[in-house]
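S.K.: Chains as they are written, first to last, in this note's numbering: chain E, 51 to 342; chain B, 51 to 342; chain Z, 51 to 342; chain S, 51 to 342.
These are calculated hints, taken from the structure and not from any lab test.
Certain hints may be false.
Lysine-lysine pairs mimicking DSSO-like chemistry, simulated, CA-CA at most 30 angstroms apart [unchecked claim]:
#, chain 1, residue 1, chain 2, residue 2
1, S, K300, B, K300
2, B, K95, B, K204
3, S, K300, Z, K265
4, B, K95, E, K265
5, S, K248, Z, K265
6, Z, K300, B, K282
7, E, K341, S, K288
8, Z, K300, E, K300
9, S, K341, S, K90
10, E, K265, E, K282
11, Z, K300, S, K95
Just a few of them, taken from the derived set where beta-carbon distance is under 10 angstroms, the chain B residues facing chain S [as the list claims (entries may be wrong)]:
#, residue
12, A192
13, R294
14, A297
15, E298
16, R301
17, V309
18, M314
19, L315
20, E316
21, N319
For each residue, glycine too, the CB sits at the ideal point set by N, CA and C.
Number of protein chains: 4
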Amino acid sequence: MRIGFIGLGSMGVGMSANLIKGGHEVTVWNRTASVAEPLKAQGAKVAASPAEAVQGAEVVHNMLANDAAVREVILGSVLPVLAEGTIHVNHATISVALAQELAETHKARGVGFVSAPVFGRPEVAAAGQLNLLASGAPADVARVQPLLELLAAKVWPMGDDPIRAVVVKIGGNFLIGAAIESMAEAAALTRAHGVDAKDFLEVMQNTLFPAPVYKIYGGMIAADRYEPAGFKLSLGFKDVGLARAAAETKRVPMPVASVLHDAMLESLNRGDGDLDWAGLARVAAARANLKG
Amino acid sequence: MRIGFIGLGSMGVGMSANLIKGGHEVTVWNRTASVAEPLKAQGAKVAASPAEAVQGAEVVHNMLANDAAVREVILGSVLPVLAEGTIHVNHATISVALAQELAETHKARGVGFVSAPVFGRPEVAAAGQLNLLASGAPADVARVQPLLELLAAKVWPMGDDPIRAVVVKIGGNFLIGAAIESMAEAAALTRAHGVDAKDFLEVMQNTLFPAPVYKIYGGMIAADRYEPAGFKLSLGFKDVGLARAAAETKRVPMPVASVLHDAMLESLNRGDGDLDWAGLARVAAARANLKG
Amino acid sequence: MRIGFIGLGSMGVGMSANLIKGGHEVTVWNRTASVAEPLKAQGAKVAASPAEAVQGAEVVHNMLANDAAVREVILGSVLPVLAEGTIHVNHATISVALAQELAETHKARGVGFVSAPVFGRPEVAAAGQLNLLASGAPADVARVQPLLELLAAKVWPMGDDPIRAVVVKIGGNFLIGAAIESMAEAAALTRAHGVDAKDFLEVMQNTLFPAPVYKIYGGMIAADRYEPAGFKLSLGFKDVGLARAAAETKRVPMPVASVLHDAMLESLNRGDGDLDWAGLARVAAARANLKG
Amino acid sequence: MRIGFIGLGSMGVGMSANLIKGGHEVTVWNRTASVAEPLKAQGAKVAASPAEAVQGAEVVHNMLANDAAVREVILGSVLPVLAEGTIHVNHATISVALAQELAETHKARGVGFVSAPVFGRPEVAAAGQLNLLASGAPADVARVQPLLELLAAKVWPMGDDPIRAVVVKIGGNFLIGAAIESMAEAAALTRAHGVDAKDFLEVMQNTLFPAPVYKIYGGMIAADRYEPAGFKLSLGFKDVGLARAAAETKRVPMPVASVLHDAMLESLNRGDGDLDWAGLARVAAARANLKG
């Protein structure tokens, strides 16, 4: 298929490469054009603008950074030029409110809209092993299903409404943040009683919590090393904000999200926004007067 | 070896049976004697009192319910009659403060003291597949190691100080409670946006969180069924209290533990203390005005 | 002076009347025109549109409900038609972000902008006894000072920057909400131990806290009566949201504001949004299993 | 009357002096005897032990520091030697649990027990202008009423049960702590937006909150000066602990108390335990990255 791919951050690069490897004709666009160079060698066309990238495309993917970027690029430049019948697949983690707005604006333009947020870090994206949530009109999802399978170890069907996949993604990121904060507090507790974070978290990772989230982030907390960042604290803060906004809309009290928010503000104030978001653990340690 | 085993609750029954199966001479005691009957058939002697149960024992295990029971039975009846050189293995989840006190009183009496709290629910205990944390004087731990291995899939050595295993156990139980509360809030969020708890949690259990805690408790939350209880909410409340007390002693702020505490009080007020502690999820749902 | 007054809610009615009594030529506008009738008898002209209300005015006041209304009416209809040199006095409780935006747009149009939020309930506004915070360019504030004094028992000068009065107003409303939640929790505590809220709060009001906030809201909590509402819970929720937004912008962790937010969501879920915001106390009572 | 007065801290000194001035025969005891010297000049007898201090007394007052001191001195040394019919007046801020225990032990010994905790700082105690809460058997309260009036601007009758005055005192101290934390957060918010704590709090103290608690503690926060301490943070921490314990017993969730607890732990970790408890404001400022 002819595919336009918008947004080549650390995730988008690997994802678009997998679409190319799958035999598709992919035109890419990124604000910083240099990032696209390696993809050219793999067979991508590189467009000079978002509108050019999606010209003639049957399916348009985006992996942009946040609501503002999606709003500017997709609503501003892409959607107005898409031909009726095109399908737009959004991989970015966006707000429930924007997902709702996109669903409506796409429908009005006769363009299909599939929500397809992903779980997985850059190396997982490059390996085509993401966990991908997909929701949207069944016919649209079915049509892009082969593309999604090129990106994912598993595609999780989440139903007809595009906001469904979005809210599951947001809920999942909240759970990651909550696990980080919980490990941080528990590790501060054991450290204060003379048990190293490493000794404690190793037991946890191998008994109650043998799961990627506890292994990856717990490993960083155990080593007190948060660089290089797989996912930056400043982005985690944004995602907790998406959970809080979605909660407020439907009046869902989330006191752990409130705790996370306040701790993350403190973390940003420490200057830790560019650390991996496991670096949030430094706040719990500092509050307990434990050395970093 | 000649073993005294004190406390035959849902965990102790299976644990003492595994010691018998291992070829040891086990005398058991339980406040409600009838519980001991099945063990008699397996070869246990049944004592009429704690003191009788530990007479002539080389090693004494206890799996009592809480600080009060350990204080009464062990400090009150058992320790005074133990011969010098006996080793006492405590499996109960007790406070750091009591562990410290036990370490001192045992030392003064020339009795060995091994902290050996466990992770695992009753069926895991019966199968001899617990995760067991062990700390204490190396010679004492070494001597009871074969016994511990009869109880556990793995024995995790936690060092010389008996309080070390205790604080790791307490930290672990806090992490379970925090995961329950976090899942409860996240599920309330997705439900409020039209995604069933089951649909959300199934993705979580199979992607980010393929761990027993998320599977077992997440499964209960997904089904909104909390009976029969594997671990009662009232006991979970007690254990979060142990974490909070241990945190206060060393001045460790634990805001997620505070959130848990307040939610659990509300849960007890709802009359949910005998539910499995995953039943805490009902509080988050009620606060969000979602039907149970 | 010739004054345009926009927004005749329960506060604006009394405030505009006091400007008329002060001898000024006041033209009023309100979305629901009938509200303006009594003011006509007192000498007001009633305009058919915001633009008409401010035509020829030297000073324009508004007491609109929230950001959305100010944005629509002031930015949409009023500011474009104001003559250079006019001064706009904003009494509405708005966000820091909107105050900043208003400051800039007014400056660009050559219109003066004075932030003048007020503390006080409708009967206090009618009596001209508000506490009024004023910030803005000194010359502008000086020019409207005689008008402000007609409205207020005291005008509190807050400096040159229009956002200063706004942030003080927002901080004050947060403090009121925090006092309500604190009284609610404390009263639940004493009630659970057999001391009526009334007995407890009466002591507080007459010893440690002989202040209007504790008297008015404490009185409502003591009587468990929240109607008629002096200030609705739904509006209080909005104002706590302004505090939280202003805090997030500058990365100020406010855990008490987080507690307030979560309790207020629960309160709205109970259907209590139209009660006076002291009705938030019902949440603390319900959580503690105390009857309303 | 013949009075024994136990405990001459900064409060007890002034209180016992007022009983002497009232014409009573007062024998005092304090652990550090030197403190009693000035009282000797005013007419007090100084006892060498608590038992000696209460010998022949009709009424015994104590103003000891905490549960541990009351338990040791009153239950350990005083109660066993009191003659039947004596009345014991407890001014110390103690736990609800200990108040309950004292009520029972006194009753069993035929000794009257009046709970009489006070609000007021040392200079207020010296001036005999405390607010004093009194609960106990009506006949006992009536008999000591003239003594209480020597100590207080007002005696607040709180009913028959001695725990009633205690729980009101504890609830009141929680409200003070909550007001401090709330002011601290609000001041951090305004400071982050360029408004000094002083400018903000001065408005609050003179408009919404013209109450001693906001004036005294708000004044300290405005000046960022917390010495000399009128009431130490470490003592405030103890009192918040009394509220939390009383809340737990009756299952009253108090999320603001949880926030206070966690902030106070952090404050103690900063080394601020000997500051006035308004010094808690430093935590909110530090979390927001504002200089002290």
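S.K.: Look at each hint and say if it fits the structure.
M.R.: Now for the hints, and whether the structure bears them out:
no.	hint	verdict
1	S:K300 x B:K300	holds, 26 angstroms
2	B:K95 x B:K204	holds, 28 angstroms
3	S:K300 x Z:K265	holds, 27 angstroms
4	B:K95 x E:K265	violated, 45 angstroms
5	S:K248 x Z:K265	holds, 24 angstroms
6	Z:K300 x B:K282	violated, 43 angstroms
7	E:K341 x S:K288	holds, 26 angstroms
8	Z:K300 x E:K300	holds, 26 angstroms
9	S:K341 x S:K90	violated, 48 angstroms
10	E:K265 x E:K282	holds, 17 angstroms
11	Z:K300 x S:K95	violated, 60 angstroms
12	A192	violated, 38 angstroms
13	R294	holds, 9 angstroms
14	A297	holds, 8 angstroms
15	E298	holds, 7 angstroms
16	R301	holds, 5 angstroms
17	V309	holds, 7 angstroms
18	M314	holds, 9 angstroms
19	L315	holds, 5 angstroms
20	E316	holds, 5 angstroms
21	N319	holds, 5 angstroms
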